[in-house]
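Residue numbers (the working numbering), protein chains in the order written: chain X, 826 to 1126; chain E, 191 to 463.
Rather than coming from a laboratory, the hints here were simulated on the basis of the structure. Even for Gly, the Cβ is constructed at its ideal location relative to N, Cα and C. Incorrect hints may have been included.
[Claimed, not checked] In silico lysine to any residue, SDA-like type, Cα no more than 20 Å apart, as pairs:
1) X:Lys1024 with E:Ala458
2) E:Lys272 with E:Asp301
3) X:Lys1024 with X:Ala1013
4) E:Lys272 with E:Gly242
5) E:Lys429 with X:Thr1017
6) X:Lys1024 with E:Ala449
7) X:Lys906 with X:Leu931
8) E:Lys429 with X:Thr1091
9) E:Lys272 with E:Cys353
10) X:Lys1024 with E:Ser317
11) X:Lys1024 with E:Lys429
12) E:Lys266 with E:Ser252
13) X:Lys906 with X:Asp926
14) X:Lys1024 with X:Gly861
15) E:Lys266 with E:Glu233
16) X:Lys1024 with E:Ala448
17) E:Lys386 with E:Ser317
18) X:Lys1024 with E:Lys386
19) X:Lys1024 with E:Ala459
20) E:Lys266 with E:Asp356
21) X:Lys1024 with E:Thr453
[Unchecked claim] A few chain E residues facing chain X, derived, Cβ under 10 Å:
22) Val400
23) His422
24) Ile437
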Amino acid sequence: MIESPLLQIRDLTLSFASSHGPVEVLHGISLHVRRGEKVALVGESGSGKSVTARIVTGLLQSQRGTQANGYVRYEDQDLLKIGERAFRALRGIRLSMVFQDPTSALNPVFTIGDQFREVLRRASPDISIPEARRRAADALSHVLIHEPDRVLDSYPFQLSGGMNQRVLIAMALANRPALLVADEPGTALDVTVQDRTLKLMTSLIEQAGAAVLFISHNLGVVREFADRVYVIYRGRIVEHARTADLFANPRHPYTRALLSAVPKITGEPLPPLPEDNAAFSAPPVIHDGCAEPPVRGDIPQ
Amino acid sequence: MMAPILQLHGVGKSFQIGEHTVQALSSVDLRIETGECHAIVGESGSGKSTLGNLVLGIYPPSAGEIRFEGQLLQAKRPLDLKRRIQLVQQNPLSALNGKRSIGASLALPLDVHALVRSRSERRQRISTLLEEVGLDPQFAERSPSTLSGGQRQRVAIARALACEPDLIVLDEPTSALDVLVQARVLRLLADLRTRKRLTYLFITHDLGVVRALADRVSVFRQGRLVECDSVHNIFADPKHPYTAQLIASIPVVTEEEAALRGTARALAAALTE
Chain X
826 MIESPLLQIR
836 DLTLSFASSH
846 GPVEVLHGIS
856 LHVRRGEKVA
866 LVGESGSGKS
876 VTARIVTGLL
886 QSQRGTQANG
896 YVRYEDQDLL
906 KIGERAFRAL
916 RGIRLSMVFQ
926 DPTSALNPVF
936 TIGDQFREVL
946 RRASPDISIP
956 EARRRAADAL
966 SHVLIHEPDR
976 VLDSYPFQLS
986 GGMNQRVLIA
996 MALANRPALL
1006 VADEPGTALD
1016 VTVQDRTLKL
1026 MTSLIEQAGA
1036 AVLFISHNLG
1046 VVREFADRVY
1056 VIYRGRIVEH
1066 ARTADLFANP
1076 RHPYTRALLS
1086 AVPKITGEPL
1096 PPLPEDNAAF
1106 SAPPVIHDGC
1116 AEPPVRGDIP
1126 Q
Chain E
191 MMAPILQLHG
201 VGKSFQIGEH
211 TVQALSSVDL
221 RIETGECHAI
231 VGESGSGKST
241 LGNLVLGIYP
251 PSAGEIRFEG
261 QLLQAKRPLD
271 LKRRIQLVQQ
281 NPLSALNGKR
291 SIGASLALPL
301 DVHALVRSRS
311 ERRQRISTLL
321 EEVGLDPQFA
331 ERSPSTLSGG
341 QRQRVAIARA
351 LACEPDLIVL
361 DEPTSALDVL
371 VQARVLRLLA
381 DLRTRKRLTY
391 LFITHDLGVV
401 RALADRVSVF
411 RQGRLVECDS
421 VHNIFADPKH
431 PYTAQLIASI
441 PVVTEEEAAL
451 RGTARALAAA
461 LTE
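Using the sequences and the hints, build the whole thing.
Here it is, written out as structure tokens:
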């Protein structure tokens, strides 16, 4: 029997309260991530990709006016049911995240060393200060930071964006999580730095055997990074394929439009893109071998 | 021979920050021909936006001179020169006054430069400008907050066009936009350039976008111009290792692009040695 997925989302809906009544932003999305797999969720702004990441990391459920329904299982826990306390036991330990803007994700009034110790304490509450420092320095050397001691004594604003992003990746992987949720991890970086950071992240994730849910708007980055891709448009998954299949043979009108709209360095002219997007609402295209695995146990109604 | 629309001779710019002097641009020589789209490419800190600001007269250069159609271009310049050099910025939300209707935002340059003589002419001109950028004339009544990012950027372009400029500085005009919207705005910019015989100084970090719009490219790194060539040569045969490295770092979506990038990667390694 095939091992059940590490993360499984089935028919997830999400709505936010507004003065005009609830606004539905996810209309029943399903996706899964297996152990050690790199899965991308790609879409434009407002597609619902980041709110999906925030549900998986438990940052939305407790907010007032947020209504999430469906099935979101991580390892043995239903992430829509467990409370904030249970989430705290997961976050940063079994499940961690990397965000888009590395500098605002770090606290400006503490040194990197202090913040790193906090991360290590989540998994090992009794860790001593010298032991934490040794492990932090070791983790930083894995993200190619050559002077870990100087970096540990620095404040985030004294480091470059690329350096801060590497620190965050080191922190996210420090407690050996099974799943890393990466929300646009290279977007705020220069292209040469982004390229290096993503390559480094890939090799570290592979070494650690972690799985990744990778949220991005950048199709090129997704092509480079992911094993499988879900394309999301206005709160619905429109196409799901292995990465090579998706780029060789995109079948949903929305995916095709997206790919044709990316300016190519080979100089193909940009096609005219109609403002009328009726075709984008076509039914989802699921490539061969990419059906969602069965949900274990009962699906909560 | 006619003087080029823009010429930079030994242009440098330094900023005093506390006790430190930051050299943002050093001895830049550059020639922008009338009617071309000239891309200024670089990563953060390369000085590309400083260059745009110098051309716009936001501050004077610390060294060298800038000439516009052969005439010395000072930071303090007559109104008519200001009119002829316009700007479209990266973030269309902060570029538009949220308290003004779109129509009022477009009316301001028309009034400042006395380009319309009557109310009806002004109204007519605003409608035409909106149509030129692919928006319904009724947008004039709306406020920027009710527009999408792409629509706002179209309004920002219309506002630049209102001045009937010769040169437009495009500072990352599409980098805040989604890819479908970006493609439409890029096509609009290409179309307007031909129709209105505009010259673009196109500042960007995105080489894919450069390929789609530019004729020539100048690559900047740490305030210095490292390579300037036609867009074809820059991609087919980069001479500077940094240019090759930039091309080699671009995330791509097709096999053909990946092949081109592979060549650039090999070249970057060979040139660095």
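Outcome of the hint check:
{"no.": "1", "hint": "X:Lys1024 with E:Ala458", "result": "holds (17 Å)"}
{"no.": "2", "hint": "E:Lys272 with E:Asp301", "result": "holds (14 Å)"}
{"no.": "3", "hint": "X:Lys1024 with X:Ala1013", "result": "holds (16 Å)"}
{"no.": "4", "hint": "E:Lys272 with E:Gly242", "result": "holds (14 Å)"}
{"no.": "5", "hint": "E:Lys429 with X:Thr1017", "result": "holds (18 Å)"}
{"no.": "6", "hint": "X:Lys1024 with E:Ala449", "result": "holds (18 Å)"}
{"no.": "7", "hint": "X:Lys906 with X:Leu931", "result": "violated (29 Å)"}
{"no.": "8", "hint": "E:Lys429 with X:Thr1091", "result": "holds (18 Å)"}
{"no.": "9", "hint": "E:Lys272 with E:Cys353", "result": "holds (9 Å)"}
{"no.": "10", "hint": "X:Lys1024 with E:Ser317", "result": "violated (50 Å)"}
{"no.": "11", "hint": "X:Lys1024 with E:Lys429", "result": "violated (25 Å)"}
{"no.": "12", "hint": "E:Lys266 with E:Ser252", "result": "holds (14 Å)"}
{"no.": "13", "hint": "X:Lys906 with X:Asp926", "result": "violated (29 Å)"}
{"no.": "14", "hint": "X:Lys1024 with X:Gly861", "result": "holds (16 Å)"}
{"no.": "15", "hint": "E:Lys266 with E:Glu233", "result": "violated (29 Å)"}
{"no.": "16", "hint": "X:Lys1024 with E:Ala448", "result": "holds (16 Å)"}
{"no.": "17", "hint": "E:Lys386 with E:Ser317", "result": "holds (17 Å)"}
{"no.": "18", "hint": "X:Lys1024 with E:Lys386", "result": "violated (44 Å)"}
{"no.": "19", "hint": "X:Lys1024 with E:Ala459", "result": "holds (17 Å)"}
{"no.": "20", "hint": "E:Lys266 with E:Asp356", "result": "holds (18 Å)"}
{"no.": "21", "hint": "X:Lys1024 with E:Thr453", "result": "holds (19 Å)"}
{"no.": "22", "hint": "Val400", "result": "holds (8 Å)"}
{"no.": "23", "hint": "His422", "result": "holds (8 Å)"}
{"no.": "24", "hint": "Ile437", "result": "holds (7 Å)"}
In the structure shown, a violation is registered for the earlier hints numbered 7, 10, 11, 13, 15 and 18, in ascending order.
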